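Protein chains: 2
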Amino acid sequence: MKSFHPTVRTLMGPGPSDVYPRVLDALARPTIGHLDPQFIVMMNEVKEMLQYAFQTTNELTFPVSAPGSAGMECCFANMVEPGDKIIVCSNGVFGIRMKENVTRCGGIAVMVEDTWGEAVDINKLEQALKDNDDAVIVAFVHAETSTGAISDAKALVALAHEHDCLTIVDAVTSLGGSELRVDDWNIDAIYSGTQKCLSCVPGLSPVSFNKAAQDKISNRESAVQSWFLDLNLVMGYWGQNTTRSYHHTAPVNSLYALHESLVLLQEEGLENSWKRHDENHQALKAGLEALGLSYVVHEDDRLPQLNTVTIPEGVDEAEVRKRLLNEFNLEIGAGLGALAGKVWRIGLMGYASRKENVILCLSALEAVLGDMNANINKGVALDAAMVAWS
Amino acid sequence: MKSFHPTVRTLMGPGPSDVYPRVLDALARPTIGHLDPQFIVMMNEVKEMLQYAFQTTNELTFPVSAPGSAGMECCFANMVEPGDKIIVCSNGVFGIRMKENVTRCGGIAVMVEDTWGEAVDINKLEQALKDNDDAVIVAFVHAETSTGAISDAKALVALAHEHDCLTIVDAVTSLGGSELRVDDWNIDAIYSGTQKCLSCVPGLSPVSFNKAAQDKISNRESAVQSWFLDLNLVMGYWGQNTTRSYHHTAPVNSLYALHESLVLLQEEGLENSWKRHDENHQALKAGLEALGLSYVVHEDDRLPQLNTVTIPEGVDEAEVRKRLLNEFNLEIGAGLGALAGKVWRIGLMGYASRKENVILCLSALEAVLGDMNANINKGVALDAAMVAWS
Numbered sequence: 000m001k002s003f004h005p006t007v008r009t010l011m012g013p014g015p016s017d018v019y020p021r022v023l024d025a026l027a028r029p030t031i032g033h034l035d036p037q038f039i040v041m042m043n044e045v046k047e048m049l050q051y052a053f054q055t056t057n058e059l060t061f062p063v064s065a066p067g068s069a070g071m072e073c074c075f076a077n078m079v080e081p082g083d084k085i086i087v088c089s090n091g092v093f094g095i096r097m098k099e100n101v102t103r104c105g106g107i108a109v110m111v112e113d114t115w116g117e118a119v120d121i122n123k124l125e126q127a128l129k130d131n132d133d134a135v136i137v138a139f140v141h142a143e144t145s146t147g148a149i150s151d152a153k154a155l156v157a158l159a160h161e162h163d164c165l166t167i168v169d170a171v172t173s174l175g176g177s178e179l180r181v182d183d184w185n186i187d188a189i190y191s192g193t194q195k196c197l198s199c200v201p202g203l204s205p206v207s208f209n210k211a212a213q214d215k216i217s218n219r220e221s222a223v224q225s226w227f228l229d230l231n232l233v234m235g236y237w238g239q240n241t242t243r244s245y246h247h248t249a250p251v252n253s254l255y256a257l258h259e260s261l262v263l264l265q266e267e268g269l270e271n272s273w274k275r276h277d278e279n280h281q282a283l284k285a286g287l288e289a290l291g292l293s294y295v296v297h298e299d300d301r302l303p304q305l306n307t308v309t310i311p312e313g314v315d316e317a318e319v320r321k322r323l324l325n326e327f328n329l330e331i332g333a334g335l336g337a338l339a340g341k342v343w344r345i346g347l348m349g350y351a352s353r354k355e356n357v358i359l360c361l362s363a364l365e366a367v368l369g370d371m372n373a374n375i376n377k378g379v380a381l382d383a384a385m386v387a388w389s
Numbered sequence: 000m001k002s003f004h005p006t007v008r009t010l011m012g013p014g015p016s017d018v019y020p021r022v023l024d025a026l027a028r029p030t031i032g033h034l035d036p037q038f039i040v041m042m043n044e045v046k047e048m049l050q051y052a053f054q055t056t057n058e059l060t061f062p063v064s065a066p067g068s069a070g071m072e073c074c075f076a077n078m079v080e081p082g083d084k085i086i087v088c089s090n091g092v093f094g095i096r097m098k099e100n101v102t103r104c105g106g107i108a109v110m111v112e113d114t115w116g117e118a119v120d121i122n123k124l125e126q127a128l129k130d131n132d133d134a135v136i137v138a139f140v141h142a143e144t145s146t147g148a149i150s151d152a153k154a155l156v157a158l159a160h161e162h163d164c165l166t167i168v169d170a171v172t173s174l175g176g177s178e179l180r181v182d183d184w185n186i187d188a189i190y191s192g193t194q195k196c197l198s199c200v201p202g203l204s205p206v207s208f209n210k211a212a213q214d215k216i217s218n219r220e221s222a223v224q225s226w227f228l229d230l231n232l233v234m235g236y237w238g239q240n241t242t243r244s245y246h247h248t249a250p251v252n253s254l255y256a257l258h259e260s261l262v263l264l265q266e267e268g269l270e271n272s273w274k275r276h277d278e279n280h281q282a283l284k285a286g287l288e289a290l291g292l293s294y295v296v297h298e299d300d301r302l303p304q305l306n307t308v309t310i311p312e313g314v315d316e317a318e319v320r321k322r323l324l325n326e327f328n329l330e331i332g333a334g335l336g337a338l339a340g341k342v343w344r345i346g347l348m349g350y351a352s353r354k355e356n357v358i359l360c361l362s363a364l365e366a367v368l369g370d371m372n373a374n375i376n377k378g379v380a381l382d383a384a385m386v387a388w389s
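Read top to bottom, the protein sequences are chains A and B. Quick note on numbering that gives the first Met the number 0: the first sequence kicks off at 0 and runs consecutively. Quick note on numbering that gives the first Met the number 0: the second sequence kicks off at 0 and runs consecutively.
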């Protein structure tokens, strides 16, 4: 068995996205102990910069030492007690996963189902809240990675609070890419991932909990069913003290990488990052539409960092992705769940949201689809993108 | 906030240990998609090389995408059902953690307590098995990182099987450093970590399950309480198929690192690695004893990769560690739990188990202790180490 040397790819799928070169450099710095004073200073900086990324002053803000799915489980395992009724708004794969989490924590999931590709319908949530006045938490996905739809987190949270429910929000794909204001919007518990718009390597899940969420957790009657994710224990390590008590061995080098990606976010400015994601989305959209591809999600609910488009008639979608990967080292995403085989998901996340990636994707798609005799409009995509940027 | 540049340390604590430079190089290779065909080839190689490290042909062998504590939880959450009686042999911090895991899974933990610093007493386990003929699993720690004691895994597993119990074994500190033969010893479920004798970065937990363990899991009446760690789901991604179904986003770059550390293990040869750990331990031991320090663990039960020694009388142990770190960039470990403040834990794990580290540690200890007027024997440690190697 020999060392593994991956080909350099351009990552324009649903994540992981292109990682900033500076983040890869940081990742490879010498490993130090997880209780080293230097490491503890770095951890404090990570916390502070995550607070900036989430736009929160929540003390309980830190990265879970595992991927976004574990961040989701961290929120549910700590917040949900057996018998709790949880309203889950589901409009894609990750809403379904939330339901799984509720059930496995012994909670009762009341599902509010929306069509895949649409935003969460606030009226349906209102009806569910009226029908279930014993519900204690509302959970929903801010940015559905399986469909490319964004929901109105601010309004959904406000409505949940009117009905005395706490909120759990999935911000895996939105953090750093779309407007997200944890404190202004009063989000109680939130989780994200490092491998999307933060353009860090996959493997960590930033989370944040406000005072109300912490109260719910500290007033639990039953122990949190996960030792690894029990916030009462984790906070002995990630809490405010300068002396950290050992809980588990932190993923030291991955945290170097997250630190660097947050330094980059701070250098760019959060609002500038949101703006960049939107501008490159507009250019890609103009180009894709010029090619004749159409978006699955209504314009009002479209996630700039994840562009879900239908596949031209008669085209073997897997063959297109394969050719993009093999000939141009360009990864775009397949459909997932209900949209499997029906769409492509083209990501413009974090460092991948660059002009050069937009035109690479448009020209590669045009070349491959043209070569496969698909019915597309040739020679117009680049012009449309340039007009959008101008 | 600025980029983080850690000082280069020599890591001779209880882990993380020094990471092989080739592993850090691999870590920083370009991120590719977690469903990329190249990545899937690499995953298969990781599985195969983990089977070699564990000395097993178990199909269900893969790295959990989170640190060793999550690997422990993966074993317990999948193997233990509510009401199951589990015998836990505890002789340190990680036995206690096993109990926490059993309880949080709804199991009943029967504790077999041994003195910290001693191996698990097989007679006590036998008595517990006789007293609890309804027990279904025996769990114990092969190499207790909190004390430096190794237990006779082969004998303990054989005894458990005589009483129709399955076994869960913690091999976090033993894998790659001490003899461990999963198939020959008939271990049913086992977990480890990447940051000890594999000398990879922290953040992954290799696990392996045999047929009997898999049967226990697939015959469960209740769902596994963790979605993230549910083996029925994880295996859709890590299983034998060439088409992987998405479960969670794999920590791509950390897996590059693990791959490289396993290539290194294969190049050295597993038995050679065990031998190297033992030889450098003998030299360190000779030097530490020449200095006048004494081991906590009886010679027969001593873990070569973790040397737990008492602190010379009147010495401020924290001050010594601080000086070693600040003046010589050398990290050694403090005591944990019942041994806090009473011992040092000096690791010789993986890449850290090198001759240059042994003499650095001995000379730094001699210099600092001498400077603090501790009652030690000066000028003899290096000679003793050299004799041990010769």
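Source of the hints: derived by calculation from the structure; they are not laboratory data. For clarity, every value in this text was computed on a predicted model and none was experimentally measured. Incorrect hints may have been included.
Think about it this way: if two alpha-carbon atoms lie no more than 20 Å apart in a straight line, the pair counts; the simulated DMTMM-like pairs of lysine to aspartate or glutamate are [as the list claims (entries may be wrong)]:
(1) B:Lys-215 x B:Glu-267
(2) A:Lys-274 x A:Asp-214
(3) B:Lys-1 x A:Asp-24
(4) B:Lys-1 x A:Asp-229
(5) B:Lys-1 x A:Glu-178
(6) B:Lys-321 x A:Glu-58
(7) A:Lys-354 x A:Asp-370
(8) A:Lys-1 x B:Glu-267
Need the status of pair Lys-215 of chain B, Glu-267 of chain B: alpha-carbon distance at most 20 Å? The given pair, whose Cα atoms are some 36 Å apart, is violated under the 20 Å limit.
Hinted pair Lys-1 of chain B and Asp-229 of chain A, Cα distance within 20 Å: Violated: Lys-1 of chain B and Asp-229 of chain A sit about 31 Å apart, past 20 Å.
Between Lys-1 of chain B and Asp-24 of chain A, does the CA-CA distance stay at or below 20 Å? With Cα atoms ~14 Å apart, Lys-1 of chain B and Asp-24 of chain A stay inside 20 Å; holds.
Within 20 Å, alpha carbon to alpha carbon, are Lys-1 of chain B and Glu-178 of chain A? Not satisfied, since the Cα-Cα distance of roughly 24 Å exceeds 20 Å.
Is it true that the CA of Lys-321 of chain B sits at most 20 Å from the CA of Glu-58 of chain A? violated, 29 Å
Is it true that the CA of Lys-1 of chain A sits at most 20 Å from the CA of Glu-267 of chain B? holds, 13 Å
For the pair supplied as a hint, Lys-274 of chain A and Asp-214 of chain A, confirm whether the alpha-carbon distance does not exceed 20 Å. violated, 36 Å
Lys-354 of chain A paired with Asp-370 of chain A [C-alpha distance capped at 20 Å]: violated, 24 Å
Going through the hint list in order, the structure does not satisfy hints 1, 2, 4, 5, 6, 7.
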